[in-house]
Amino acid sequence: MKFLAVCSTGLGSSFMIHMNIDKVLKELGVKGVDVDHSDLGSVARGDADAFFVGRDLEEATDTLDNVVVLNSIIDLNELRTKVRAELEAKGVAIPEGNAA
Amino acid sequence: MLSSYLTPETTLFSDAVDGWRDAINRVSAPLLASGSITPDYVTAMTDSIAAGGTYIDLGYGIALAHSRPENGVLKTGLSSLRVSTPVLLNDDPAHPIDLFFCLAATDPTGHLQTMMELANLLSNDELRTRLLAATNAADVSTVINENGTTE
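Just so you know, the sequences run in chain order D and B.
Quick note on numbering: the first sequence equals residues 132 to 231 in the numbering used here.
Quick note on numbering: the second sequence equals residues -14 to 136 in the numbering used here.
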């Protein structure tokens, strides 16, 4: 399972999303998800099971599938909800007790 | 360390900012002065925003202005500018910004620790609220130091 955070430069918002995904996965006690970040020009369909991008890059990611669009890069609550939804959609088990 | 980059010299406040271009010029000025970036970097950031690059809006009225290392970064640096009246990024009403950061990174991973701290700080509801409420560099410094003690 791989989650990839993507932005235009590959070192600003994607970096922040990457670290926040790590934080959310740790909270949830989910292991075995590979998280990385990259720039738009370097990613292609199939590079990850889900691509996380900020709202302004939604159109630029038309060529990708499984794109998760974030309204805010720094809203952990939003990210938590969307990461959980992706894990559930992909059939990744979230350990009991961390479901809240 | 975030605290070694965001110092009184790089933590700016202004109530007289004339649009987003002025904001970018102002927030990057300390990094130009310290030799962290070249004027090309400022141009690259401005051109990127003018071309529709409002993705630097992180949410909550906070923007992280930056460009690629090869566009004029000499050494890693970070600065901030709090404006008293929201500035519309690229004159776009969907992107009112209260707090600008300017990030200069020499390579994609060299600024890992700083970015981790910044992401942690800005993603923490309480600390972010206090950062936005800060009216001087000392307030910012206090918030940053507390950030260092939270996970």
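If you're looking for bench data, these hints aren't it; they were derived computationally from the structure.
Please note that the accuracy of each hint is not assured.
Chain B side only, calculated, beta carbon under 8 Å to chain D, not exhaustive [claimed, not checked]:
| no. | residue |
| --- | --- |
| 1 | L43 |
| 2 | Y45 |
| 3 | L59 |
| 4 | L112 |
Remember, it's a predicted structure, so these values are computed and weren't measured experimentally.
Idealized CB from N, CA, C, for every residue including glycine.
Here is what the structure says about each hint:
1. This hint holds: L43/B has a C-beta 4 Å from the nearest C-beta of chain D, less than the 8 Å allowed.
2. Below 8 Å, beta-carbon pairs count as interface contacts, and Y45/B has one with chain D at about 6 Å; its hint therefore holds.
3. Annotation: interface hint on L59/B violated; nearest CB of chain D at approximately 16 Å, more than 8 Å.
4. Taking 8 Å as the C-beta cut-off, the interface hint given for L112/B is violated, the closest approach to chain D being about 11 Å.
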